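Just need the whole structure built from these sequences, with the hints factored in.
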Amino acid sequence: MPVVFSHLNYIYSIKTPMEFSALKDINLQIEDNSFTMIVGHTGSGKSTLVQQINALLIPTSGIVDVNGIVVDCNVKKLKNIKELRKGVGLVFQFPEYQLFEETVLKDVSFGPKNFGVDNKKATELAKEALNLVGIDESLFDKSPFELSGGQKRRVAIAGVITLKPKVLILDEPTAGLDPQGSREMMKLFTKIKEQGTTIIMITHDMDNVIRYGTDVVVLAKGELIKKCRPYELFLDQDSFNSLSIDEPLVIKMAKRLNQNGYHISLENVIDIDSLVQEIKKEKRYE
Amino acid sequence: MENKAIEISEIEFGYYKDQTIFSNLSLDVNVGEYVCVIGHNGSGKSTLAKLLVGLNEVRKGEIKIFGQVLNEENIYSLRKKIGIVFQNPDNQFIGSTVRDDIAFGLENACVKHEDMEEIIHEYAKKVNMEEFLDKEPGNLSGGQKQRVAIAGTLAMNPSLLIMDESTSMLDPKGKREIRELTNMLRQENKKLTIISITHDIDEALQADRVIVINQGEVVLNDKPEVVFKNEEKLKEVKLDIPFSYKLNQVLNKNNIKVDSVDFEGLVKELCQ
Ligand SMILES: Nc1ncnc2c1ncn2[C@@H]1O[C@H](COP(=O)(O)OP(=O)(O)OP(=O)(O)O)[C@@H](O)[C@H]1O
Ligand SMILES: Nc1ncnc2c1ncn2[C@@H]1O[C@H](COP(=O)(O)OP(=O)(O)OP(=O)(O)O)[C@@H](O)[C@H]1O
Ligand SMILES: [Mg+2]
Ligand SMILES: [Mg+2]
Numbered sequence: 001m002p003v004v005f006s007h008l009n010y011i012y013s014i015k016t017p018m019e020f021s022a023l024k025d026i027n028l029q030i031e032d033n034s035f036t037m038i039v040g041h042t043g044s045g046k047s048t049l050v051q052q053i054n055a056l057l058i059p060t061s062g063i064v065d066v067n068g069i070v071v072d073c074n075v076k077k078l079k080n081i082k083e084l085r086k087g088v089g090l091v092f093q094f095p096e097y098q099l100f101e102e103t104v105l106k107d108v109s110f111g112p113k114n115f116g117v118d119n120k121k122a123t124e125l126a127k128e129a130l131n132l133v134g135i136d137e138s139l140f141d142k143s144p145f146e147l148s149g150g151q152k153r154r155v156a157i158a159g160v161i162t163l164k165p166k167v168l169i170l171d172e173p174t175a176g177l178d179p180q181g182s183r184e185m186m187k188l189f190t191k192i193k194e195q196g197t198t199i200i201m202i203t204h205d206m207d208n209v210i211r212y213g214t215d216v217v218v219l220a221k222g223e224l225i226k227k228c229r230p231y232e233l234f235l236d237q238d239s240f241n242s243l244s245i246d247e248p249l250v251i252k253m254a255k256r257l258n259q260n261g262y263h264i265s266l267e268n269v270i271d272i273d274s275l276v277q278e279i280k281k282e283k284r285y286e
Numbered sequence: 001m002e003n004k005a006i007e008i009s010e011i012e013f014g015y016y017k018d019q020t021i022f023s024n025l026s027l028d029v030n031v032g033e034y035v036c037v038i039g040h041n042g043s044g045k046s047t048l049a050k051l052l053v054g055l056n057e058v059r060k061g062e063i064k065i066f067g068q069v070l071n072e073e074n075i076y077s078l079r080k081k082i083g084i085v086f087q088n089p090d091n092q093f094i095g096s097t098v099r100d101d102i103a104f105g106l107e108n109a110c111v112k113h114e115d116m117e118e119i120i121h122e123y124a125k126k127v128n129m130e131e132f133l134d135k136e137p138g139n140l141s142g143g144q145k146q147r148v149a150i151a152g153t154l155a156m157n158p159s160l161l162i163m164d165e166s167t168s169m170l171d172p173k174g175k176r177e178i179r180e181l182t183n184m185l186r187q188e189n190k191k192l193t194i195i196s197i198t199h200d201i202d203e204a205l206q207a208d209r210v211i212v213i214n215q216g217e218v219v220l221n222d223k224p225e226v227v228f229k230n231e232e233k234l235k236e237v238k239l240d241i242p243f244s245y246k247l248n249q250v251l252n253k254n255n256i257k258v259d260s261v262d263f264e265g266l267v268k269e270l271c272q
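Respectively, the protein sequence lines represent chains A and B. Numbering of the first sequence is given in my numbering, commencing with residue 1 and proceeding in unit increments. Numbering of the second sequence is given in my numbering, commencing with residue 1 and proceeding in unit increments.
Note that these hints are calculated values from the structure, not bench results. Given the structure is predicted, the values throughout are model-derived calculations rather than measurements. A virtual CB, placed ideally from N, CA and C, is assigned to each residue, including glycine. Just to be clear, a hint being listed does not mean it is correct.
[As the list claims (entries may be wrong)] The calculated DSS-like cross-link candidates involving lysine-lysine, where the alpha carbons are at most 25 Å apart (straight line), are:
{"#": "1", "chain 1": "B", "residue 1": "LYS125", "chain 2": "A", "residue 2": "LYS221"}
{"#": "2", "chain 1": "A", "residue 1": "LYS187", "chain 2": "B", "residue 2": "LYS235"}
{"#": "3", "chain 1": "A", "residue 1": "LYS283", "chain 2": "B", "residue 2": "LYS268"}
{"#": "4", "chain 1": "B", "residue 1": "LYS190", "chain 2": "A", "residue 2": "LYS227"}
{"#": "5", "chain 1": "B", "residue 1": "LYS268", "chain 2": "A", "residue 2": "LYS255"}
{"#": "6", "chain 1": "B", "residue 1": "LYS257", "chain 2": "B", "residue 2": "LYS268"}
{"#": "7", "chain 1": "B", "residue 1": "LYS246", "chain 2": "A", "residue 2": "LYS280"}
{"#": "8", "chain 1": "B", "residue 1": "LYS253", "chain 2": "A", "residue 2": "LYS281"}
[What the hints assert, rightly or not] Facing chain B, a subset of chain A residues (Cβ under 7 Å, in silico):
{"#": "9", "residue": "GLY68"}
{"#": "10", "residue": "ALA175"}
{"#": "11", "residue": "GLY181"}
Below you can see the structure in the form of structure tokens.
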């Protein structure tokens, strides 16, 4: 499903002394079935932005349109919100705020049950999802609060993917995962995208942005700065320097080599293998 | 003068009876050392951190901090020397504003009231959070929470600093800034010991020593250059090698012969 923001503003604690304007006139179209990465400095408004999509936060003004369901400051009709949340799944930046049941298995099967799936089927879905995120069966009957940080994140992700949302929003889903877990999780998200889901992912990991992203959105101080293809972000040195975004190491290497006479096209470089393929095309290695 | 900050000998621990996280773990950390601990999810890193600050008790064996065996009597006095930044910063906030929160820590560290305001500003500034002193810690963004948690802990001027994935939600530049900050503190105080639990290999490359934990056991324990040469072992325990090590391998596999395992070295060799 596509997600469209128009003239969206969001102010925290409005009309109090603590009032804070976190999003300013956001106009943005997130394409259907894209893998859209959202990047930006600490406090730039990324988490605030994605929470508008499933109406966890309601726009102060302007709208979000999720495939025809419109969220604006007048949404009060709960029926609409439930329909919206069935289609839009969100994994929080801090997974602990998403976990609440007595056991891991109950926690993950809660979602489908809540949307009317029977007990047995919900448990089946939950087991399947837990398996996909790398949670061992020995942890199924544990309290989710007695898990390690990375285990909690995996369980929180499982809880959302059981719902098979049309839009899957992930707020720093690889923070705290071990390297192998992080790689496997990215592969899982890619597979989910291939099945038709739109993925919106907040991350600071630029390697993931160029490896897996179809689009990237840059926020700074509550404003939308740029939306482009991932490699385009790194073509113009000045612009990303001023955004305090780091280059992925493969791009950094490609640029250094180009300064020394190589002819690598940056848009072909998405990981180490593709970088080496580009290096091999140089005359000197023929 | 004691030269060990931490001596862990043959400890056994589990959260409940039929659970064993550590069956026989031994480890030493020297005063002034900067050690990174890496390991897969659930390997026992945070558990180890909690044992070091006496939040949980070992079943067998002992833990010495600055030469003293950790026990119920000395834990409060020892805690004055230990600063810990927890994996989830929300578990550490007690004040209703960022300012109060840092002040609470200072009170516990017995800092005089008249000095507090200056210290609070100094550390809030060091982590770029000076503008947020009047905000509620719960109402900050993820990265801002982590910065405040770090400031609060550093302000107490600990001799032993334990950081449990405390920069996991910062952008790479933010991560570097915090690393520069702790490096500076180590310059000022050569006795400051740092244990940093992390999944960030770039950070681990900068450490004096890297300890790799797998299912509650130490599997590698050496200088980063040595640890990251063990690719097979690291893969086996779900970890990874740094970018430049990997690039070196893939190049060699493709018949482009290189020796360097650092970024600049590779640039040089490829451009000869
Ligand atoms: N509940 C709240 N009340 C008031 N201000 C808030 C609240 N939540 C966030 N803010 C402020 O809004 C701004 C944007 O926060 P947000 O959480 O969207 O940032 P972010 O881009 O996700 O940052 P990070 O990368 O650190 O997670 C920040 O300056 C933050 O302090
Ligand atoms: N409070 C608890 N009660 C029972 N078991 C726990 C508790 N906390 C953690 N565990 C278990 O102990 C093991 C080690 O957990 P720990 O939190 O130390 O891992 P970790 O290495 O810090 O992992 P991560 O990288 O995911 O943070 C895990 O299998 C976890 O499920
Ligand atoms: Mg955030
Ligand atoms: Mg942990």
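Taking the hints in turn, this is what the structure says about them:
1. LYS125(B) / LYS221(A): With Cα atoms ~19 Å apart, LYS125(B) and LYS221(A) stay inside 25 Å; holds.
2. LYS187(A) / LYS235(B): Holds, at roughly 17 Å.
3. LYS283(A) / LYS268(B): holds, 17 Å
4. LYS190(B) / LYS227(A): violated, 46 Å
5. LYS268(B) / LYS255(A): holds, 13 Å
6. LYS257(B) / LYS268(B): Cα-Cα ~13 Å, so holds.
7. LYS246(B) / LYS280(A): Answer holds: LYS246(B) to LYS280(A) is near 16 Å, not above 25 Å.
8. LYS253(B) / LYS281(A): holds, 15 Å
9. GLY68: violated, 31 Å
10. ALA175: holds, 5 Å
11. GLY181: holds, 6 Å
Violated hints for the displayed structure, listed by number in ascending order: 4, 9.
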